[in-house]
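Sequences are here, hints too, so could you generate the full structure?
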Amino acid sequence: MRKIIFIALILCVSLLIISPSSFALDVKRKMLENGLTLMIVERHNLPVVKVSVGISAGSLYEPETKAGLADLVANMLNEGTKNRTAQQISGEIEFVGGSVGASGGEDYITVSLSVLKKDLNLGFDLLSDIILNPVFPEDELKKKIERTKAGLIAQEEDPGFIASRDFKKAIFGSHPYGRLAAGSAQTLDHITRDDLISFHSGYYAPNNAVMAVVGDVTPEEAEAMINKYFAQWKNRKIAPPSLQSIVMQTEQKIITVDKDLTQATIILGHLGVSRDNPDYYVLSVMNYILGGGGFGSRLMQNIREDKGLVYDIHSFFEPDKYSGSFQVGLQTKNESANTAIEEVLREIEKIRKEPVSDMELSDAQSFLTGSFPMKIETSSRIAGFLVAVEYYGLGLDYIDNYPNFINSVTKEEVLRVANKYLHPDNYTLVVVAKEKEAAVKKRFDK
Amino acid sequence: MKKIIITTLLLLSFYGNAHSAAEELRDDNSAGVHEEVLQNGLKVFAIKDPNAPLAVFQIWYDAGSINEQVGKTGLSHLLEHMMFKGTPKYGAKVFSKIIQRAGGVDNAGTSKDFVYYYQKLAPDRLHLSIELEADRMRNLIMEPEEFLSERDVVMEERRMRYDDDPQNLVYEEVLSAAFKNHPYRWPVIGWMEDLKTVTRDDLWAYYKTRYSPNNAFIIVAGNIDVVSILEKIRKEFGSITRGTEIPAMNINEPEQRGERRVYVKKEAELPYVMSAYKTPNILNDDSYALDVLAGVLSGGKSARIYRSLIDEQRIALSAGAGYSNLDKFPFLFYLYGTALPGKKIEDVENALYAEVGKIKEAPPTELEIMKAKNQIESDFIMNQDSIFYQAMILAEFEMLGDWRLKDRYIEGIRKVSPEDVQRVAKKYIVEDQRTVGILIPVKREVKNEN
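Residue numbers (my numbering), protein chains in the order written: chain A, 1 to 446; chain B, 447 to 896.
Wrong hints could be hidden among the right ones.
Derived DSS-like pairs (lysine-lysine); straight-line CA-CA distance at most 25 Å [stated by the list, open to error]:
1. A:K436 x B:K747
2. A:K169 x A:K441
3. B:K747 x A:K117
4. B:K889 x A:K434
5. B:K747 x A:K144
6. A:K307 x A:K144
Honestly, the hints are just simulated from the structure, not real lab data.
This is the structure we're talking about:
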């Protein structure tokens, strides 16, 4: 009896889903004379403006011996300019309840501004000042390096951090993706103020950047701000990064880290795909079914709901510009580490061997298309989203095409990509746990 | 920085993707809130926001960890997990799947004072929320086997959030030392010892007592058709019978006479200190000045604690102040810090006290006060971009007695003077009223095959 009601309910939900979903973002996009790509979205619901500037100046562009340089440059932008000291910058922006600053990354770094509309002038003044005129004062740099090193030590308390760091190192080797964007104590000691200055002058150029302005501002106002504050930002020739190739592993690699913990933190995975891989959308559907779909996923159903072994378990493809990773992550009490790992491998094997069900496929498609508006719910999210769309060359029509990409995926394609991109024999397994209790096997056989 | 402490109080069931919603922020504009009370006592609030691309449904129950008993801690949160296990009408474990299939997300959270459930959906699919939530208010299955399995899941959650997180262990110890009588002394997730012995029948009795229309309220927000949504809510929830009235709690904490100090020894890298002071909640006018005090001490890199401990003295990796003002009963104001490698945690602790000491000697400048107020107001405006947050803040004030209290908040903040800030620092941030927790990192030989 229950089943009938259940099916009736699904039918009625499916009908709803046919109704056209509209993500409609009215984006004004243009390339300025200096090469800066500008995107503007007007939203007048609140007197607030959010700006995101993505600059191709992530850790991909730094030498291995100076790992951490790209992050340092980004984090030092608001620590002193030709016109202002670090204290003046934080004092001015915090006084109006706004924020301005940058965060590092592998592919690109992001400079962000958040201000009330009435403080737009001040905001753009500060934003342009930190992007164009940073001076990287020696004493501020010293402090920043000291804190970065301390932060690296503090993170050793976090088993998730350790697992993720060791996993990336194992699969990417000496490629920049294989190391921490923050660098290490050793590499940070090799970085000088001159390194920061030359890195900044080498990569912080408008033709190497994307700017998204979202909020209570018209395109005319936004452009006027940019003309006023970014007029001296001149384009220049950018040297492409010289990167070594990334090679897929051909055997099981098991790494264990012994710590006095009650739980084992586990990452299992291998190389994935880059963001421009045409199979990316089929992979998102496949991964939703495997371990990306929260309670809808097989890993969650099996390992949390049926067996009670974990609080959280998930899988994802993390796509970057030049490659990416596939990871399954979970935490379980030390004693159940082996069981949980075996179940993960069983699920990976299963999705490679048997087609997913019609309902799994349609559930995944409904969620991925229907939940899209949540990605662009607030002005900050829209700004960050637009920078990524532009950086990875997805095209603004990607927003309109997305439902079609997802809805055209078939069961056969899901099976094909599972076979092609999941490797239950050749993977890296990292387990951070109390080793005596976890007793991780030396090898896992199918 | 304030956010970090406060979020540890709120346990979300699944991934914690709504954590930021727990921060404190208030509205000074009540326009557009429709309120109605059904015959069975269920209150309903609707907020129309035509700019929102989504709708949110939240249902709040007066059923947080303060309603638990000694020996049965963690019940409220465990019940929150069980609420996703199904009803006879829809079957087992399908709640989240139905919502996801409709392109929505759902989650829930438990705090000391309350539990809440929510879904974010396209506005034309809110009827699903209403049907599912009405059904599970009274008709949960709660199979004994499911209960045992979910209890294991919660134990894993506890291991992850507390047992393997040194700073959270300090927080837990500080709370249980600061409060002797008040149920705020036990963690929302419960003690592991209690989780091992809690039974399905404990949970069932708690569910039957507290999950009733007159012990709950609903908020719907977003680009919704208010009239039809309210009609649907009346239809689905209206027939549920009123539960037994639960008398309001009257709990008082005995006076503290002297500092309390606790230590946690645990494998860790850097020592950490948390110093907590009992302070009133927002129902007391001193609350506004305490909020501004937290801003003066810790509102960014230009605020006193960052500038002194991190930038000038270079003794702390991170440090700050926080104030939790939206709890049902008076709770805590905190100072906290992590020492830089090689620096002494005593120096960090004393430097935090020195910053409060300076304010006791001379009131903060007008400029500092203005900055703290601007930050509070600007945060308030910016947070309105999320309808989820709009609903959240209304609910938190409603839990305190009346959602309209939120309208007085910004007004109260605007009135704070430098002297007020000095006065509350002198009154509350005092040695005899504090509970200090210190993390002592213990190192052991580890084998690393990497």
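Quickly compare the C-alpha distance for B:K747 and A:K117 to 25 Å and report which way the hint goes. 22 Å, holds
Decide if the proposed pair is consistent with the structure: A:K169 and A:K441, CA atoms, cutoff 25 Å inclusive. Within the cut-off at roughly 21 Å; holds.
Against the 25 Å threshold, does the CA-CA distance of A:K307 and A:K144 hold or violate the hint? Distance of about 46 Å is beyond 25 Å: violated.
Pairwise hint evaluation, A:K144 against B:K747, where the allowed Cα distance is 25 Å at most: 13 Å, holds
Straight-line alpha-carbon gap B:K889 to A:K434, limit 25 Å: 14 Å, holds
Keeping to a limit of 25 Å between CA atoms, is the pair of A:K436 and B:K747 held or broken? Distance of about 44 Å is beyond 25 Å: violated.
Against the hints set out earlier in the document, violations occur for numbers 1 and 6.
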